[in-house]
Amino acid sequence: MKCKRCAAKATVQLRSHNTAFCKECFVFFFQRNVERSIERERMFTREEPVLVAVSGGKDSLALWDTLVTLGYRTEGLYLGLGIGAYSAASQRKAEAYAAARDLPLRIMRLEEEGDGLAIPEAAFFTRRQPCAACGTFKRHHFDRAALDGGFAVLATGHNLDDEAARLLGNVLHWQLPYLAKQHPVLTPTHPKFVRKVRPLYRTSEYESATYAFLRGIDYVVEECPNSHGATQLVYKDLLNRLEETMPGSKLAFVSDFLRHAHPLFAGAPDSPAGECARCGMPAFAELCGYCRLVAEIERRRSQAVAHS
Amino acid sequence: MHVRLEPQGRQLTIAGRRRVGDLVRSLGLVTGTVMVIRGDDLLTDDDMVEDDEAIELRAVISGGAR
Numbered sequence: 048m049k050c051k052r053c054a055a056k057a058t059v060q061l062r063s064h065n066t067a068f069c070k071e072c073f074v075f076f077f078q079r080n081v082e083r084s085i086e087r088e089r090m091f092t093r094e095e096p097v098l099v100a101v102s103g104g105k106d107s108l109a110l111w112d113t114l115v116t117l118g119y120r121t122e123g124l125y126l127g128l129g130i131g132a133y134s135a136a137s138q139r140k141a142e143a144y145a146a147a148r149d150l151p152l153r154i155m156r157l158e159e160e161g162d163g164l165a166i167p168e169a170a171f172f173t174r175r176q177p178c179a180a181c182g183t184f185k186r187h188h189f190d191r192a193a194l195d196g197g198f199a200v201l202a203t204g205h206n207l208d209d210e211a212a213r214l215l216g217n218v219l220h221w222q223l224p225y226l227a228k229q230h231p232v233l234t235p236t237h238p239k240f241v242r243k244v245r246p247l248y249r250t251s252e253y254e255s256a257t258y259a260f261l262r263g264i265d266y267v268v269e270e271c272p273n274s275h276g277a278t279q280l281v282y283k284d285l286l287n288r289l290e291e292t293m294p295g296s297k298l299a300f301v302s303d304f305l306r307h308a309h310p311l312f313a314g315a316p317d318s319p320a321g322e323c324a325r326c327g328m329p330a331f332a333e334l335c336g337y338c339r340l341v342a343e344i345e346r347r348r349s350q351a352v353a354h355s
Numbered sequence: 004m005h006v007r008l009e010p011q012g013r014q015l016t017i018a019g020r021r022r023v024g025d026l027v028r029s030l031g032l033v034t035g036t037v038m039v040i041r042g043d044d045l046l047t048d049d050d051m052v053e054d055d056e057a058i059e060l061r062a063v064i065s066g067g068a069r
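Protein chains in written order, with the working numbering: chain G, 48 to 355; chain H, 4 to 69.
One thing to keep in mind: the hints can contain errors.
Stated by the list, open to error - Label-pair ranges, simulated between beta-carbon atoms:
#1 G/146 with H/19: 15 to 21 Å
#2 H/18 with G/218: 43 to 49 Å
#3 H/56 with G/285: 30 to 36 Å
#4 H/59 with G/281: 44 to 50 Å
In short, the hints are calculated from the structure, not lab data.
For glycine and all other residues, C-beta sits at the position ideal for the given N, C-alpha and C.
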């Protein structure tokens, strides 16, 4: 198999694009695709400061690496979730990547934000799935860090497979409000929110893993222990089996949704009416979702201590 | 050949010379969900792996909320 650009021996085969590349040409292809996504969706310019949420995984580090290479103004943000050895390894990978390239990286750790706020404890005290608390904590701390740091944009490493799986779940259950919000650019609905973007939304998981490998990025290969049995992984498996028979299906599913269907679902943006009485971030009620969750953890934790 | 599956950390020994695409499918894996790594190189479906070689099949699927 030969590289479609230079005819050297190919090392990367992309059936979804009906093409193959050598190492150098694949890196060029990947970076150009990300740049085109940024420009097509007007995500941000080279003058705007971008906060990149990095988990230590392949997608976020591939994204950060690409943005830096393309000359965008970036800073990394790592949020430690307190999930034992997995979080410790993730933080080490994120720190090592940043240190080796002399890039600025902010570190936040849930366990340092308050007692019982690490994901395992939060799940235990609220008696809910860990992923529920994880999403709420991430949204709050990413929003807060972007606001406090004066960033124009928050970029995350969600890839094509994430977007396709999310879209399949939203369509299966006709989640109209979620379909309205499914877009690679979320414009702020409150002055304290920043623009949220997903520059890898047209880039598959295989492509970001391949890019990370070929660029020598040492990322966390292990999966979050809480992801076993996750619904999103069931959707991803279904989509990958479809993709194997019909290459390009995932990209068509997401891009055609954005082109043809998303405008039908997108209504007036749902703007928070006020600000949280506790943290001051935008809120639909007296307390924002994050502070309601923290208050619940504090209450249940106090009850547990009183009964012990 | 020696095959290491990551992130599971499983080791397999498979006899004979195999084409990468055939090997991946014979293990019940979906093409495009694993990187096939030999040393510092990635392999494509039509590459051959010899009997005395060692490769890694590294899953690329991650994430997932309940």
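We went through each hint and held it up to the structure:
no.	hint	verdict
1	G/146 with H/19: 15 to 21 Å	violated (44 Å)
2	H/18 with G/218: 43 to 49 Å	holds (45 Å)
3	H/56 with G/285: 30 to 36 Å	holds (33 Å)
4	H/59 with G/281: 44 to 50 Å	violated (26 Å)
Hints 1 and 4 from the earlier list are contradicted by this structure; the remaining hints agree with it.
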